[in-house]
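Order-wise, the sequence lines are chains F and S.
Oh and the first sequence: position 258 is 258 in our numbering, straight run, nothing missing.
Oh and the second sequence: position 132 is 132 in our numbering, straight run, nothing missing.
Rather than coming from a laboratory, the hints here were simulated on the basis of the structure.
Any given hint might turn out to be false.
DEER-style ranges, computed between Cβ atoms [stated by the list, open to error]: (1) F/Ser164 <-> S/Trp39: 33 to 39 Å; (2) S/Tyr89 <-> F/Ser273: 30 to 36 Å; (3) S/Leu48 <-> F/Leu318: 44 to 50 Å; (4) F/Trp182 <-> S/Val139: 55 to 61 Å; (5) S/Met78 <-> F/Trp235: 51 to 57 Å; (6) S/Met78 <-> F/Leu60: 58 to 64 Å; (7) F/Asn122 <-> S/Ala37: 53 to 59 Å; (8) F/Gly176 <-> S/Ser72: 34 to 40 Å.
Now the stretches of chain F that chain S is said to cover, found in silico as 3 or more residues with beta-carbon under 8 Å [said to hold, decoys possible]: (9) 47-55; (10) 222-233.
The beta carbon of each residue, even a glycine, is placed where N, CA and C say it ideally should be.
One-letter residues, chain by chain:
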Amino acid sequence: MWSYALSRVVQAGVVIVAVTLITFLTLHMSGDPTYLYVSERASEQEIQQVRERLGFDRPLHVQYLTFLGGLARGDTGRSLTYRTSAMQVVLERLPATIELTLMAMFIAVVFAIPLGIIAALNRGTSIDGGIMALAMFGQSIPSFWLGIMLILFVGLGLAWLPISGHVPVIEPLLKGDFERAWNNIPNALRYLIMPAFTISLFSMSRNARLVRSSMLEVLSQDYVRTARSKGLPEWGVVMRHALRNAWMPVVTMLGLEFGFLLSGVVVVETVFSWPGVGRLVFNAINQRDVPLVQSAVVIFAGIFVMLNLIVDLLYARLDPRVRLS
Amino acid sequence: MTPPSVSQAAADPVANAPVPTPRRDALRRAWRSLSKAVWPLLAIAVLLVIMFAAVAGPAISPKDPNRQNIISRLQPPMVADRDGVVQHYLGTDGLGRDVLSRLIYGARVSLLVGFTAVFIGGVLGVVLGMTAGYVGGRVDAVIMRLADIQLAFPFILLAIMFLVVLGSGVLNLVLILGIGQWVTYARIARGQTMSQREKEYVEAARALGARGPSVLFQTILPNILAPLIVIASFNVASVILSEAALSFLGLGVPPTVPTWGGMLAESRDQLLAGRWWLAVYPGVAIMLTVLSFNILGDWLRDFLDPRLRGVG
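Assemble the whole structure, with the sequences as input and the hints as a guide.
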């Protein structure tokens, strides 16, 4: 177990270094990055001053090491639009994004698992066909369009849910104000439902298909047949024998899911004017605020890599075959 | 890269006689399977219509997609003018541009980017994956570690970062989306190559003097194409979704080129005023295209390789 864990940690470290290297190099791919920091009317002398101040005149490897050093201290340079630490700006927006992603993940899992099981148990019937057709639709709808349609018909047409806005839960929690966090929950949910559903539909559909095929595979195994032939009620066979083993692929998928959902937030937050990192990145794109985009990418990638690492380690603990192979 | 048996069959008159060759047989089976399936046939029909729109855009689009007309801006669909003639079947946008014409032109970018990016990703992935699987050892380790790194990184963020720095445009878009796809193909090509490497027909080819690339691409490739084609079909769907998302973020092609994602981005300003037609039609176009590729992929998978059921 320990050697497996160690090799996975090293691997995660390699990925993080690769991510920082790619992030660093992209800044330099368009030529001299100094021009991002000066106005178009700046004189050659001013440009040279800024170049020296930001260290862009030094050799590339020195700059990379400086960048890494800064990153270790949580410093990825100043945002061009906010005129303050880019990393700080991103971290302030992170709680809202985490709320949205967690809610999306909850929806994706809570609906996908029963749907997948029902489809598998009714294989070949119209119930199965209907669920799978819905899942196919769900995987084909662009998330941002779904968001726009929900705003148009559920938000504006039926006026059931608010079309934009955000009530914080994690942020008061972090500040230790548990009472405010608790009281905010009902209202926060009203604002969360539409954007979270929008992000989750694709994953929900994919998960339902995955649960179905995983369940079908398990249901055809000998031990399930044995359980049935012992005269166990079908419900007991499904819940106690089949489901337990159908979990494995689902667990792996959940780790990747969070990262996948996280990358979906950029578009969906923009649609719903959600005050998270996604919309921040969108605005940073329009203003070509490269340090801000870089900070967001590094943070997202970091979360993604850490989660994958945790899932892999948990998985190895649950299933000894993984660490032995 | 056609299988040798087929090129021989074409040259050999005996093989063209009623005796079914492998490929003829496959085509016949495909047709028989398709004629029984309603959804894949519908999907093919939809895709043919969209491809026709993309190719014949200038000939069939009712108006110039970029022609602005302030007087007739924000017209709802099917509104007749004073002479009782409907000028804009699907209405006009905030600049008075014809929505139907922009939809027709939008098909070009989606399909062009979808097919080209998948082609780039597919070729790159197949070459690297087959090399890794065939050569093995250190080459394999390096290629697969690269793949792991890329998989560990939320791709859309990487694409955003590159496009912000390098600037948008069809070429950059296609390159970045293409590079984003190679891992999927590489993993499958590698696994398949490893399982074929020691088979007798490969040894026979080697014994006849075939070397490296020739063994890989002339002998092995035709035998591992089926799963790759299945993946490619799903992949076109997901690339089209990514392209729409990037265009929506303003990172796709220049704003003068009509795209479905770009049209949706512009529709946001008109949302609160209830101008639904600007948001509904481009979304339906994307969904139909993506849905058709997904249905086609599903059918192809069941037809070509039933063992892959559940992969998508």
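Unsatisfied constraints (hint numbers, rising): Result: hints 7, 8, 9 and 10 break, sorted rising.
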